[in-house]
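Asker: Sequence:
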Amino acid sequence: MSDYTIGVDIGTTGTKTVLLHTDQGIVATASRETALHSTGPGIAEADTAQWHRNVVESIREVLASAEIPADAVGAVATSGMVPAVVPVDRAGKPLRRAILQNDARAHRQVAALATELSGVDLVTLTGSALTQQSVAPTTMWLREHEPDVYARTAHWVGSYDWVLTVLGAPCHVEQNWALESGLFTIDGPVAGAVLSAAGLDPGTLAPVHRPGTRVGEVSPQAAERTGLRAGTPLIVGGADHVLSAYAAGVNRPGDALVKLGGAGDILVASDSQVVDERLYLDAHPVPGHWLPNGCMATSGSLIRWFQALVGGAELTTLDDEAARRAPAEILCLPYFLGEKSPLHDPDLRGTFAGLHLGHTRADMYRSVLEAIAFGFRHHVDVFTDIGIPLSRVMITNGGSKSTLWKQIHADVLGLEMLPVRGHPGASLGAAVIAAIGIGALDDWSDAARFITLDPPYVPDPARAAAYDTAYATWRELGAAMAPISHRLARTSR
1 MSDYTIGVDI
11 GTTGTKTVLL
21 HTDQGIVATA
31 SRETALHSTG
41 PGIAEADTAQ
51 WHRNVVESIR
61 EVLASAEIPA
71 DAVGAVATSG
81 MVPAVVPVDR
91 AGKPLRRAIL
101 QNDARAHRQV
111 AALATELSGV
121 DLVTLTGSAL
131 TQQSVAPTTM
141 WLREHEPDVY
151 ARTAHWVGSY
161 DWVLTVLGAP
171 CHVEQNWALE
181 SGLFTIDGPV
191 AGAVLSAAGL
201 DPGTLAPVHR
211 PGTRVGEVSP
221 QAAERTGLRA
231 GTPLIVGGAD
241 HVLSAYAAGV
251 NRPGDALVKL
261 GGAGDILVAS
271 DSQVVDERLY
281 LDAHPVPGHW
291 LPNGCMATSG
301 SLIRWFQALV
311 GGAELTTLDD
321 EAARRAPAEI
331 LCLPYFLGEK
341 SPLHDPDLRG
351 TFAGLHLGHT
361 RADMYRSVLE
371 AIAFGFRHHV
381 DVFTDIGIPL
391 SRVMITNGGS
401 KSTLWKQIHA
411 DVLGLEMLPV
421 RGHPGASLGA
431 AVIAAIGIGA
441 LDDWSDAARF
451 ITLDPPYVPD
461 PARAAAYDTA
471 YATWRELGAA
481 MAPISHRLAR
491 TSR
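Mapped onto full-length UniProt numbering, the consecutive letters of the sequence shown carry residue numbers 1 to 493.
The hints are simulated quantities; they were obtained by calculation from the structure and are not laboratory data.
The structure presented is a predicted model; accordingly, all values stated were derived computationally and were not measured.
Note that the Cβ used here is the ideal one computed from N, Cα and C, for glycine as well.
There could be a bad hint or two in this list.
Between beta-carbon pairs, the in silico distance windows are [to be verified]:
1) 14 x 446: 38 to 44 Å
2) 487 x 352: 16 to 22 Å
3) 108 x 475: 26 to 32 Å
4) 416 x 144: 30 to 36 Å
5) 454 x 308: 26 to 32 Å
6) 65 x 352: 44 to 50 Å
7) 385 x 454: 29 to 35 Å
8) 27 x 461: 41 to 47 Å
Use the sequences and the hints to build the structure in full.
Answerer: This is the structure:
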């Protein structure tokens, strides 16, 4: 049995591949950028051919970097964003670009389907509310606007599932793609009421598999392209945010991850299947565990927007300036892309409040950092409300490089924050699951062996008290601005 496995993560802006040795840890990584295609309002697409090239090139790169032969790799697993939609024909060939989970073109179909399903408790049935990332409205949009694609679609699959297909596996979807799609019930079977209302053929739904399931093997054609051995096992991986949390050590009930990427994710491990319309629910890779979670539409993307607005100043410079300013003199509502959880309102808009002529870019920048932390605190309130306490909180991704932002999160949340050093994210989670799938690792908790936690950021009592007051005002500001945001959204469509 080989000690090497490969994990591949298909992200919105890039592909990352990790070569893992079960004793030595990560021995090689490679990444490739991916273009986001947005040709009109609300459109977010990706080219599957570019995904394929990125996967081939990055696998070849890690093999060459480690100088290991093709037969040294024991298995490959994949991860990716959910629920991206790839319509494929009977041969598994994509019929168009992938439609990504943050695509908002199907808002009319969402409204129509919500009316049709008004008597159905979708949260209890499927584990989540009907939103713009639900798959049924996307298929309805395709039926209306691209009828030829719709008619030729044999299966609807996800990003990372399609990658395994192009490597040699049959069409399938992973459990959390199925769960977040809204096409399946929380317990697994097809959600017949949703399919009927959407006019969707159940025969176009691919088989659903759990993480760690062997679904195929590398084909001779894929072996020639990637440098892998033909016959190498292909293992079902999982959703990117789920595997990122898993690889960060979120494995025991109460463990949580704050993920400061382009968007903002917060996930908490639970041993109970808790559903709430304000949150999303995913299955944890560990059987019998769950990951209730939230995703804010902005996080690092809002930081980058502000950075560009002030002339591209270095983030370290902005951090240094903001660290010398008082907490929460300005309040920012971070709804510059609307908001996903816990508000699920695409028509919210960003706001700065409390400005006077004595304020500087440092005050505004600090308010942006604080706004994201307030958004996470809003989620913590929801978790507390439904009986899910947070006992240990890890923090990862690009934003976690900022010492100031980590401290702000500790102060706002009133919780210690444990940074994961150099966290490679979901690609590591996929590589670990590949190893579990072939028996090279035999314990789901082995993922924690491959990470290092830095010393915690501890809440400062004085700042935490100031933020308690500011957070209450921030919530009031959000409620007061919502109707104004809705009017502004109508005029800008």
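Asker: Of the numbered hints stated earlier in the document, which are not met by this structure?
Answerer: 1, 4
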